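These protein sequences, in sequence, are chains A and B.
According to our numbering, the stretch in the first sequence is residues 2 to 268, in order.
According to our numbering, the stretch in the second sequence is residues 301 to 598, in order.
If you're looking for bench data, these hints aren't it; they were derived computationally from the structure.
Please read these numbers as outputs of a predicted model, since none were measured by experiment.
Warning: the hint list may mix true and false statements.
Said to hold, decoys possible - Now the in silico label distances, taken between C-beta atoms and shown as ranges:
| hint | chain 1 | residue 1 | chain 2 | residue 2 | range |
| --- | --- | --- | --- | --- | --- |
| 1 | B | N457 | A | V188 | 34 to 40 angstroms |
| 2 | B | Q308 | A | L10 | 39 to 45 angstroms |
| 3 | A | L134 | B | R473 | 53 to 59 angstroms |
Every residue gets a Cβ at the ideal spot worked out from N, C-alpha and C, and that includes glycine.
Listed below are the residues making up each chain.
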Amino acid sequence: MLHLLSIDLKKLTNYRTFWIVCGLYFLTLGFTTASGMEFLKWLASKGADFGATININRIPLYHFPDVWQNLIYISGFFKLILAFMVVISITNEFTYRTIRQNIIDGMSRAEFLISKVLTNVMLSALSCAMVFLIALVTGMIYTPELELAYMFADVGFLGAYFLEVFTFLSYTLMLGLLIQRSGLTIVVLSLSAMIEAIIKANIDDTLPWLIQFFPMEAISNLVTMPFPKYVFQEVQDYVSIASVAIATGWLLFFNYISYLKLQKSDL
Amino acid sequence: METVLSVQNLTKNFGRLCAVNQLSFEVKAGQVFGMLGPNGSGKTTTLGMLMGVTNPSAGTFSWFGHAPSHLIRKKIGAVLEHPIFYPYLSGQKNLELNASIKGTDPANIARVLELVELTARKDDKYKTYSLGMKQRLAIASALVNDPQVLILDEPTNGLDPMGIAEIRHIIKRIAADGKTIILASHLLDEVQKVCTHFAVLRKGQLVHIGPVDEVGKGEEIVEVSAYHDDLGVLLQKFEGTKTVKKEGVNYSVHMNEGFHSQDLNRFLFSHNIVVSYLATQKKSLEKQFLEILSENKK
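Produce the complete structure using the sequences and hints provided.
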């Protein structure tokens, strides 16, 4: 297993685009999630212009345990950048035809897929680690009174976040394998949520129960938006078992389709 | 001799096109096996199936008596069509990747780079290589696991005469080590120079298979000329003559089987004619190849 991961990493770590995309990803992810307080201050100063007073200290954006769901929810938006990296990684194998040479050299088709899936696991885990660190540090800075019991109370969202990123990257890998061209794959990937939204809007009245089973919906349902609670609305502040089950189902489905496609095609 | 590769009724259809049709043949250890055929005759498709990148529509094949698997492919070195490498990696890094996939010792890399004379350029990116260097790196990558069998598909495609000579030299050196080589090419001259056996494909079908030695056996053609006016008439009288044609200043004599140029020479001398020019024309592979193809056109 590690051998297969090391093969794929050898392809990536000597590729400059990989470092640029990954660097931009972690940079934007880090800056955005860490600068929430600055955003609140800006909001408060804008509000002050209109005579509204917002006491930003009353919004515990970075307080344990709120910080977990808040940061993880925001981080979810950036997975698209990570997915671009996966698109480049898989479609390069087709443009350079190196997938063909990998098989000729003695990789099985399943091994090729596993090497790519393991890289997805690694990218998802790295993203998790990054979010964990930022949440931990910002939480420790902004939480007025640190209590160990509260600190890690909602850390379980991190598991859901891992599933969210990994499922999305699996979807990306499948698209890349099916389409094989980077430009078209990126367009389809970026439009997926929008296309799904149009379909959802059309069946909203007739089959509302079906909506939670849509793939993009399932992925985003893992960690729901926490912010309305600051204006005293009820939010889902836990990870629902149903959403984990549905997302896991899609995760397996995407990778199985990738497997079938690889087995059947002439490379 | 040990059978390295055995192919039975291998078939590949692309939609309505039958690219390879019921192909069966065997390659024994130590052979340099040439696969000939015009462009589009199914050579690369066949090799693609043998190397697991193209799924056969029907038929079977076995390597070293075993059913094909990715583990067996690790023991084979193959370059199909054109060299394939990661353009942004150096030659060295590309070979490290090949070695890693094949599960072979990376210490071999220095040796194969030396063999194809790329040591000086090993740290340059692959995309900066010339075509000849790319072809040579491909041969290096095929050799990195010290394979029992080497498969080369048009290894001299697009090379200049010097590059072709270099590659031919490398192939001969590898063959001298006792390795089995399967060489697909449409350059007949090349096959005749390096191969021990050859097969001819046409529209996906095997139309001929046999040793290269046998090419040129059988009836001889002798070119002869002498300063004698009646040479043409006399040649007709020779019992070994089948037909005589005048080509320029020379006569081209198509001999009956069992007669050779020395018999003709002796005959003419006994009739007091001393030849000024006498040459035996060996039937070239090219000639035989064209004959085989035209025979099978019906």
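Hint-by-hint comparison with the structure:
1. Taken as a hint, the range 34 to 40 angstroms holds for the pair N457(B) and V188(A), whose Cβ atoms sit roughly 36 angstroms apart.
2. The supplied range of 39 to 45 angstroms is met by Q308(B) and L10(A), whose beta-carbon atoms lie about 41 angstroms from each other.
3. Between L134(A) and R473(B) the beta carbons are some 57 angstroms apart, a value that agrees with the proposed interval 53 to 59 angstroms.
Checked against the numbered hints above, the structure violates none of them.
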